[in-house]
Amino acid sequence: MDFGFLRTNASYLFDGFDMTIFLSVTSLVGSLVGGTLLALLRLSPWWWLRWPAIAYIDLLRMVPLIMVIFWFFFFLPILIGAPVDATVAALAALIAFNSSYMAEVIRAGIQSVPRGLVEAARCSGMTHLQCTARIVLPIATRNILPALVSRLVALVMGTSLVYIIGVTEFFRAATNVDNRVFRPYEIFGFVALVYFALCYSLSLSGRFLEKRLARGEAR
Amino acid sequence: MSYQFHWEVLLAYRGLLMAGLLATLRLVALSFIASVFLGVLTAIGRSFPPPAIKALFACYVEFFRNVPPIVQFFFWSFAVGLDVFPAAFVALSVFTSTYIAEIVRAGIASIPRAQTEAGRSAGMTSTQLIVHVILPQALIRVIPPLAIEFINLVKNSSIAMTIGYAELTFATQEIESETFRGFEAATAVTILYVLLALVVVLATHFVERLVRLDVRKG
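For the record, the sequence lines run as chains C and Y.
For the first sequence, our numbering gives the first residue as 1, with consecutive numbering after it.
For the second sequence, our numbering gives the first residue as 1, with consecutive numbering after it.
Calculated directly from the structure, the hints in this document are not laboratory data.
Incorrect hints may have been included.
Just the calculated beta-carbon pair ranges, DEER-fashion [what the hints assert, rightly or not]:
| hint | chain 1 | residue 1 | chain 2 | residue 2 | range |
| --- | --- | --- | --- | --- | --- |
| 1 | C | Val88 | Y | Glu8 | 37 to 47 angstroms |
| 2 | Y | Val201 | C | Leu37 | 22 to 32 angstroms |
| 3 | Y | Val131 | C | Ala133 | 23 to 33 angstroms |
| 4 | Y | Lys54 | C | Val29 | 55 to 65 angstroms |
Derived lysine to any residue pairs resembling SDA-like cross-links, with alpha carbons at most 20 angstroms apart [stated by the list, open to error]:
| hint | chain 1 | residue 1 | chain 2 | residue 2 |
| --- | --- | --- | --- | --- |
| 5 | Y | Lys54 | C | Leu117 |
| 6 | Y | Lys54 | C | Arg207 |
| 7 | C | Lys211 | Y | Leu139 |
| 8 | Y | Lys54 | Y | Tyr99 |
All values derive from a computational prediction rather than experimental measurement.
Each residue gets a CB set at the ideal place from its N, CA and C atoms; glycine is no exception.
All chains, please: the whole structure from these sequences, using the hints.
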């Protein structure tokens with residue numbers, strides 16, 4: 001066991017970790033916005049809004065994330081006719097992929113809001129949009145927070161896959177270090193521990209939230 | 001868009017695509033069997049034994065489900081030094097088993113306490129109780145979530161390409177690098193994944209029906 005590489009490559013690994021956090025946070029925000037939009041389209045009373053949303057959500061949930069990353073990396077440039085940075089392609093793929101999962105979680109949340117509340121809001125003169133923004137979404141958010149956290153863990157783990165298009169996030173940085181110092185046991189063990197610490201603390205905070213919210217419900 | 005489509009490359013490379021599909025199926029089938037076995041074992045370990053042993057199984061689950069699968073693939077392949085197929089098989093089986101363990105554990109927890117008590121008063125030992133009363137009912141209840149886990153397993157098997165296992169996604173890259181026809185190849189592979197998922201969904205409905213009928217008949 002020789003962990004000397006940690007000291008000599010600390011800043012390189014830290015930059016990689018930084019990139020992982022950046023990819024996670026940006027794609028979380030992006031997929032929350034995208035997922036909410038998709039969920040609303042999915043629940044729309046008009047079939048010409050509903051069907052494309054269903055097709056998008058179901059298609060992306062059947063395809064591996066690696067395939068989605070390939071799609072964006074190879075075909076975004078063809079589509080827009082200009083070269084695309086690997087990081088941009090990675091972000092676009094992560095957002096497109098995670099939006100479909102978020103959409104299903106958010107849809108379940110929206111459907112968990114009792115119909116009576118919506119009717120009461122509409123009766124008191126709120127428009128459909130007002131009712132969605134002020135009544136449905138806040139209550140739905142509270143109901144799905146635990147499910148959202150477990151999606152977040154999957155999202156963070158998913159960022160490690162952009163390794164394949166050469167984005168230097170934490171995992172790529174670690175394999176690059178391994179190629180130079182060749183200490184696979186120490187390096188992949190260390191990488192596993194770092195990801196574990198990150199994802200497990202997220203899982204734990206999800207469980208904590210679940211308990212807190214359950215207590216609020218009972219009162 | 002100035003891209004010229006050449007769908008005929010798919011015909012020229014159909015052998016590669018077929019081989020990739022078969023490699024994916026082989027890996028998925030073997031890993032699924034192993035991960036159900038490991039998962040059920042872990043679920044039992046988390047449900048019945050004394051607290052110290054339960055905690056041990058809990059550690060196993062929490063650790064392996066909170067480390068990204070690609071890291072696990074690399075660990076088994078490059079640190080432990082397993083061959084490509086065994087490394088992919090072990091990584092996938094272990095990762096998937098943690099999810100299956102949680103599903104089966106929930107299934108076990110859903111069996112009413114009265115059944116345990118009834119079994120006990122009929123003089124059954126713990127092993128008899130688990131094998132003949134609790135597990136059969138729990139396993140039937142968890143068929144739908146297990147099917148979702150199977151689809152996740154199919155999707156995660158694509159990560160095996162990163163350690164050089166020539167499965168379906170690997171074929172995409174192969175065709176792309178040899179012909180620059182990545183678009184056509186990716187379309188074909190995407191359709192194959194979608195078909196696989198649809199087959200699993202249909203098969204699950206069928207199996208569930210069959211098993212439930214069997215149970216009702218006694």
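We went through each hint and held it up to the structure:
no.	hint	result
1	C:Val88 - Y:Glu8: 37 to 47 angstroms	32 angstroms, violated
2	Y:Val201 - C:Leu37: 22 to 32 angstroms	26 angstroms, holds
3	Y:Val131 - C:Ala133: 23 to 33 angstroms	54 angstroms, violated
4	Y:Lys54 - C:Val29: 55 to 65 angstroms	38 angstroms, violated
5	Y:Lys54 - C:Leu117	43 angstroms, violated
6	Y:Lys54 - C:Arg207	19 angstroms, holds
7	C:Lys211 - Y:Leu139	28 angstroms, violated
8	Y:Lys54 - Y:Tyr99	16 angstroms, holds
Of the numbered hints stated above, those contradicted by the structure are hints 1, 3, 4, 5, 7, listed in ascending order.
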